[in-house]
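Same order as they appear, the protein sequences are chains R and S. Each residue of the first sequence is one higher than the one before, counting from 87 in our numbering. Each residue of the second sequence is one higher than the one before, counting from 10 in our numbering.
Please note that a few of the clues may not be correct.
[Stated by the list, open to error] The calculated BS3-like cross-link candidates involving lysine-lysine, where the alpha carbons are at most 25 angstroms apart (straight line), are:
#: 1; chain 1: S; residue 1: 156; chain 2: S; residue 2: 232
#: 2; chain 1: S; residue 1: 156; chain 2: R; residue 2: 245
#: 3; chain 1: R; residue 1: 117; chain 2: S; residue 2: 200
#: 4; chain 1: S; residue 1: 256; chain 2: S; residue 2: 170
#: 5; chain 1: S; residue 1: 200; chain 2: S; residue 2: 156
#: 6; chain 1: R; residue 1: 245; chain 2: R; residue 2: 391
#: 7; chain 1: S; residue 1: 232; chain 2: S; residue 2: 170
#: 8; chain 1: R; residue 1: 476; chain 2: S; residue 2: 302
#: 9; chain 1: R; residue 1: 384; chain 2: S; residue 2: 458
#: 10; chain 1: R; residue 1: 245; chain 2: S; residue 2: 458
#: 11; chain 1: S; residue 1: 256; chain 2: R; residue 2: 384
[Stated by the list, open to error] Selected chain R positions facing chain S (in silico; Cβ < 10 angstroms):
#: 12; residue: 112
#: 13; residue: 251
#: 14; residue: 389
[What the hints assert, rightly or not] Restraint-style ranges between C-beta atoms, simulated for each label pair:
#: 15; chain 1: S; residue 1: 380; chain 2: R; residue 2: 256; range: 38 to 44 angstroms
#: 16; chain 1: S; residue 1: 281; chain 2: R; residue 2: 499; range: 43 to 49 angstroms
#: 17; chain 1: R; residue 1: 450; chain 2: S; residue 2: 286; range: 55 to 61 angstroms
Keep in mind the hints are simulated off the structure, nothing from the lab. We treat Cβ as the ideally placed atom computed from N, Cα and C, and that holds for glycine.
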Amino acid sequence: MPSVTTNSRPKPFLDPAYCKGCLRCVEACPKGCISPGTRINPATGLVPVEINLEICNGCGLCISACPEPFGLRTSPATPGAELEREFQIKDPSKLFGRKVVDLHESPGLPDEEIELPACEPLVLKGTYAAAIGALLAGCRHVFGYPITPSTEGAELMAKILPHLDGAFVQAVSEVAAVNMMYGAGGAGVPSMTFTSSPGFSLMLEGISYMIGAEIPGVFVNIMRGGPGLGNIGPEQADIKLACRGLGHGNTHALVLAPSTPQEMLDLTMEAFALSFRYRNPVVILGDGYLGQMTGQVKLPTHLRKPGRPAWAVWGDRSHRQNLICSIHLAEPDLEEHNRRLNAKYAEIASREQRSDLYRCEDAEVLVIACNTPARMAKGAVEAARRQGIKAGLLRPISLWPFPGDALAEAIRHVRQIIMVEASPGQLENELRLTLSHAGIVPPPIAAVRHFGGVLPQESEILAKISEFREALA
Amino acid sequence: MNVFYDHFERHAHGEGLKGHSTHYCAGCGHGIVHRDLADTIGELGIQDRTVLISPVGCSVFAYYYFDVGNSQAAHGRAPAVALGHKLANPEAVVISYQGDGDLASIGLAETISIAQMGLPITVIFINNAVYGMTGGQMAPTTLLGQKTVTSPQGRQPAMGKPLRMAELIAQLDGPVYVERVALFEARQRVKAKKAIQKALRLQMEGRGYAFVEILSECPTHLKMSPEATEEWVRTQMEPVFPLGVKKDLAVEPWFDRHAPSFSPEAVLGLSGAEPATVRTAARHRLAPRLGTKDLSLKLAGAGGDGAQIAALLLTRAAIDEGFDSTHIPSYGPESRGGTSYADVHIAEEEVLNPAAPDPHVLIAFNAPSLAKFAPAVREGGLIIYDRTMITEPPAFPPNRRVLAVPCTQLAVDLGRPVAKNVVALGALQAATDLLPAAGLLSTMRHVFKDKSSLISLNEAAFAAGQQVVDPESE
Ligand code: SF4
Ligand code: SF4
Ligand code: SF4
Numbered sequence: 087m088p089s090v091t092t093n094s095r096p097k098p099f100l101d102p103a104y105c106k107g108c109l110r111c112v113e114a115c116p117k118g119c120i121s122p123g124t125r126i127n128p129a130t131g132l133v134p135v136e137i138n139l140e141i142c143n144g145c146g147l148c149i150s151a152c153p154e155p156f157g158l159r160t161s162p163a164t165p166g167a168e169l170e171r172e173f174q175i176k177d178p179s180k181l182f183g184r185k186v187v188d189l190h191e192s193p194g195l196p197d198e199e200i201e202l203p204a205c206e207p208l209v210l211k212g213t214y215a216a217a218i219g220a221l222l223a224g225c226r227h228v229f230g231y232p233i234t235p236s237t238e239g240a241e242l243m244a245k246i247l248p249h250l251d252g253a254f255v256q257a258v259s260e261v262a263a264v265n266m267m268y269g270a271g272g273a274g275v276p277s278m279t280f281t282s283s284p285g286f287s288l289m290l291e292g293i294s295y296m297i298g299a300e301i302p303g304v305f306v307n308i309m310r311g312g313p314g315l316g317n318i319g320p321e322q323a324d325i326k327l328a329c330r331g332l333g334h335g336n337t338h339a340l341v342l343a344p345s346t347p348q349e350m351l352d353l354t355m356e357a358f359a360l361s362f363r364y365r366n367p368v369v370i371l372g373d374g375y376l377g378q379m380t381g382q383v384k385l386p387t388h389l390r391k392p393g394r395p396a397w398a399v400w401g402d403r404s405h406r407q408n409l410i411c412s413i414h415l416a417e418p419d420l421e422e423h424n425r426r427l428n429a430k431y432a433e434i435a436s437r438e439q440r441s442d443l444y445r446c447e448d449a450e451v452l453v454i455a456c457n458t459p460a461r462m463a464k465g466a467v468e469a470a471r472r473q474g475i476k477a478g479l480l481r482p483i484s485l486w487p488f489p490g491d492a493l494a495e496a497i498r499h500v501r502q503i504i505m506v507e508a509s510p511g512q513l514e515n516e517l518r519l520t521l522s523h524a525g526i527v528p529p530p531i532a533a534v535r536h537f538g539g540v541l542p543q544e545s546e547i548l549a550k551i552s553e554f555r556e557a558l559a
Numbered sequence: 010m011n012v013f014y015d016h017f018e019r020h021a022h023g024e025g026l027k028g029h030s031t032h033y034c035a036g037c038g039h040g041i042v043h044r045d046l047a048d049t050i051g052e053l054g055i056q057d058r059t060v061l062i063s064p065v066g067c068s069v070f071a072y073y074y075f076d077v078g079n080s081q082a083a084h085g086r087a088p089a090v091a092l093g094h095k096l097a098n099p100e101a102v103v104i105s106y107q108g109d110g111d112l113a114s115i116g117l118a119e120t121i122s123i124a125q126m127g128l129p130i131t132v133i134f135i136n137n138a139v140y141g142m143t144g145g146q147m148a149p150t151t152l153l154g155q156k157t158v159t160s161p162q163g164r165q166p167a168m169g170k171p172l173r174m175a176e177l178i179a180q181l182d183g184p185v186y187v188e189r190v191a192l193f194e195a196r197q198r199v200k201a202k203k204a205i206q207k208a209l210r211l212q213m214e215g216r217g218y219a220f221v222e223i224l225s226e227c228p229t230h231l232k233m234s235p236e237a238t239e240e241w242v243r244t245q246m247e248p249v250f251p252l253g254v255k256k257d258l259a260v261e262p263w264f265d266r267h268a269p270s271f272s273p274e275a276v277l278g279l280s281g282a283e284p285a286t287v288r289t290a291a292r293h294r295l296a297p298r299l300g301t302k303d304l305s306l307k308l309a310g311a312g313g314d315g316a317q318i319a320a321l322l323l324t325r326a327a328i329d330e331g332f333d334s335t336h337i338p339s340y341g342p343e344s345r346g347g348t349s350y351a352d353v354h355i356a357e358e359e360v361l362n363p364a365a366p367d368p369h370v371l372i373a374f375n376a377p378s379l380a381k382f383a384p385a386v387r388e389g390g391l392i393i394y395d396r397t398m399i400t401e402p403p404a405f406p407p408n409r410r411v412l413a414v415p416c417t418q419l420a421v422d423l424g425r426p427v428a429k430n431v432v433a434l435g436a437l438q439a440a441t442d443l444l445p446a447a448g449l450l451s452t453m454r455h456v457f458k459d460k461s462s463l464i465s466l467n468e469a470a471f472a473a474g475q476q477v478v479d480p481e482s483e
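Start from the sequences, fold in the hints, and give me the full structure.
In structure tokens form, the structure reads like this:
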């Protein structure tokens with residue numbers, strides 16, 4: 087223990103338990119007050135320095151050389167004590183007691199719904215509709231990197247956001263963009279990006295971190311032809327990535343698949359709400375056609391002014407205790423965290439299934455398709471019905487979770503399923519997994535598939551349906 | 010006064026001595042910088058406003074210690090995360106604390122691009138010339154000849170010479186203040202703290218981006234005592250990484266962001282929404298002459314032929330008329346000088362399939378598109394082509410109505426060749442009574458409302474197209 091002295095300048099104090107014996111203070115002291123220790127501290131197994139303050143002048147140089155927060159100090163951490171200029175020895179066991187914590191009343195601030203006056207429907211392309219949906223959902227922070235065919239959404243945001251005192255940042259890469267979302271989302275504000283397949287691949291690392299740290303954010307991925315650079319034609323071959331491959335580790339996110347510009351707006355708006363409800367990213371998967379498709383878009387009755395979540399790292403007193411982090415160093419902690427995530431995924435899986443059924447009541451041939459191919463399929467189902475074939479369409483709107491409940495219901499009379507997709511069966515895999523987990527043996531499954539920027543056409547879907555006319559008769 | 014937690018709850022649940030000691034090795038420079046930073050945050054009175062971004066590296070657990078808002082970032086991405094925080098809450102004082110692997114290797118793109126943006130954030134860069142957390146590998150700042158586990162013979166020039174980040178950042182236009190400091194002696198430690206203080210002040214005052222590089226000690230991976238490491242930094246590192254101010258601009262406070270607006274009027278106005286109007290007129294029946302409830306059209310031509318604009322005009326007019334309608338453009342390389350075509354659907358109830366592989370109507374502005382798409386037009390359908398540009402039309406399939414309209418010629422006569430697309434719309438209207446002419450014209454007036462000089466011209470073009478459709482043109 088240092089000796090008790092009273093002086094105009096505070097003298098150092100050291101609890102040997104918090105000294106690592108690095109000796110940086112030894113050479114820092116001009117007076118030679120500190121010397122290497124000779125005895126092992128049984129509590130730490132380290133050798134703390136020894137201090138003799140007899141000739142100490144309180145210069146404080148030793149303190150500024152000490153790397154340990156609770157190593158050499160002038161004053162105890164008790165609030166108010168910092169103001170004491172007079173150095174006193176206190177009982178160490180009382181020195182480092184808990185700080186009197188300021189109790190902050192409910193740091194959360196709820197969202198506000200603000201009524202919108204009635205408006206004429208807009209005539210918008212899909213990417214624009216998603217952008218307007220995001221604005222109406224209260225998103226004012228957009229981060230992106232230009233990539234065809236999604237960029238126009240970002241371009242519109244770049245044009246509009248400055249007028250709303252929002253921020254559009256063109257990042258140095260998709261990797262930077264997703265991490266800006268990590269920051270803004272971690273601060274509790276709604277943020278989004280527009281990207282397309284290769285860019286989405288680059289964002290996956292960040293998405294895994296966001297899921298791990300439970301950060302909301304909306305990713306609009308306008309899928310294009312792959313693999314690699316592929317082309318900019320419409321494809322649906324990121325279904326696997328979005329549903330099964332969101333970066334490393336145990337990850338899932340709600341994946342929504344609009345099929346009209348109207349849904350691009352509606353689902354993007356909803357995506358923000360879901361993203362905050364579950365503190366998890368949400369992915370909107372569109373195809374290149376949908377991104378470019380112009381159509382009628384009706385506006386909602388309300389827009390959302392986002393509040394501030396209690397968990398946000400906002401940068402004020404009431405949120406100071408918060409931490410955004412995906413690290414859980416101890417194995418049991420990380421296992422527990424994964425269990426919590428699994429519970430969240432299970433809740434999403436049971437509550438957030440979405441689908442659209444068209445003429446499924448008595449369907450014997452069930453066509454299943456999402457995005458733009460679902461529209462070709464709808465045309466084909468309509469044409470098949472005119473030919474007297476009992477065809478129906480199940481359009482999954484949520485791809486993860488796959489709408490298994492609606493599917494189980496819809497396939498009761500079905501004798502043939504036809505999967506229509508611009509991918510090598512990625513949607514079919516989701517369907518098969520869902521049925522398999524539910525223990526349902528499906529009817530035979532046929533497929534109309536295209537790749538590389540080619541979409542299935544109505545005529546070939548109709549032809550495929552017609553193949554089964556005799557078998558069903 | 011400092012802003013460390015009184016108990017390091019997050020350090021192994023704060024059990025035992027870990028509740029009050031760091032995870033750093035004995036004599037590690039990180040601890041000294043932590044103390045300087047904690048003291049400075051306390052002295053500046055910004056504890057509540059501070060958001061500290063922990064990187065990946067030995068300082069990955071900085072959030073164990075600082076009683077401020079904390080976020081832990083992926084490897085190298087701390088400045089991007091910091092930027093997100095700063096834009097979300099401009100009042101926050103955001104600090105990106107990074108080591109050399111994080112900042113100067115994997116995060117180089119983020120480091121440089123965000124420095125160049127110059128928004129007021131503070132980057133604290135710990136340069137100890139080696140990877141700590143992963144076990145002593147070569148860092149971008151490792152000295153030539155320095156042995157690490159991945160440069161066992163010593164770093165060679167072909168492995169890259171040590172990267173001088175402070176100099177690199179200083180020559181960017183974005184930052185206002187860049188300094189390199191050190192910790193190896195009391196005098197340097199005083200300067201280090203002052204630099205941290207200044208960097209934070211510049212942010213608080215909204216003056217800009219500041220970068221403080223701190224030469225630090227990693228006794229563990231240099232395999233030396235802390236004292237010897239200090240000496241090594243002084244004698245070996247300092248000559249390669251000269252200390253001092255690299256950039257210090259006098260800049261007036263400029264960073265002043267307002268809270269975002271959520272005003273419905275502003276959002277609607279910027280989205281191009283217009284107040285709802287009351288419709289009284291009965292709805293026009295869709296294309297009575299074509300006998301369909303879901304009409305598909307293809308408009309095709311060369312890049313500048315205006316096929317997309319005509320398609321959008323149709324779509325918009327149909328929607329204004331209460332129909333469902335879609336337009337899909339061809340895009341990408343095709344739209345750069347090549348063929349540009351548009352698929353349009355107009356449906357009484359709902360457009361099922363927005364593609365038009367076998368359209369009811371084809372409007373072709375050049376020979377390649379006529380040759381390509383005419384065979385696809387369905388039976389009983391209509392083909393309109395620009396007779397001025399296509400002098401030798403192909404043979405048409407039977408049972409298609411074909412109108413040869415001198416679109417370009419009529420537009421040239423009006424003094425505006427690009428109006429040929431509107432001429433074609435006039436012809437389409439006369440041939441099909443697709444939508445009410447008045448409706449189409451009012452949509453056109455609306456679309457061109459910012460270019461009023463074009464309105465009367467386009468009206469004339471539309472009328473010219475209407476008039477030319479007579480039995481003789483077929
Ligand atoms: S305060 Fe100054 S004189 Fe006293 S022990 Fe520390 S360095 Fe030595
Ligand atoms: S600098 Fe601190 S940790 Fe190191 S020997 Fe001195 S008191 Fe102990
Ligand atoms: S490995 Fe080096 S940098 Fe990391 S804590 Fe230990 S001494 Fe510090």
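Which constraints among the numbered hints does this structure fail? Numbers only, ascending. 2, 5, 11 and 17
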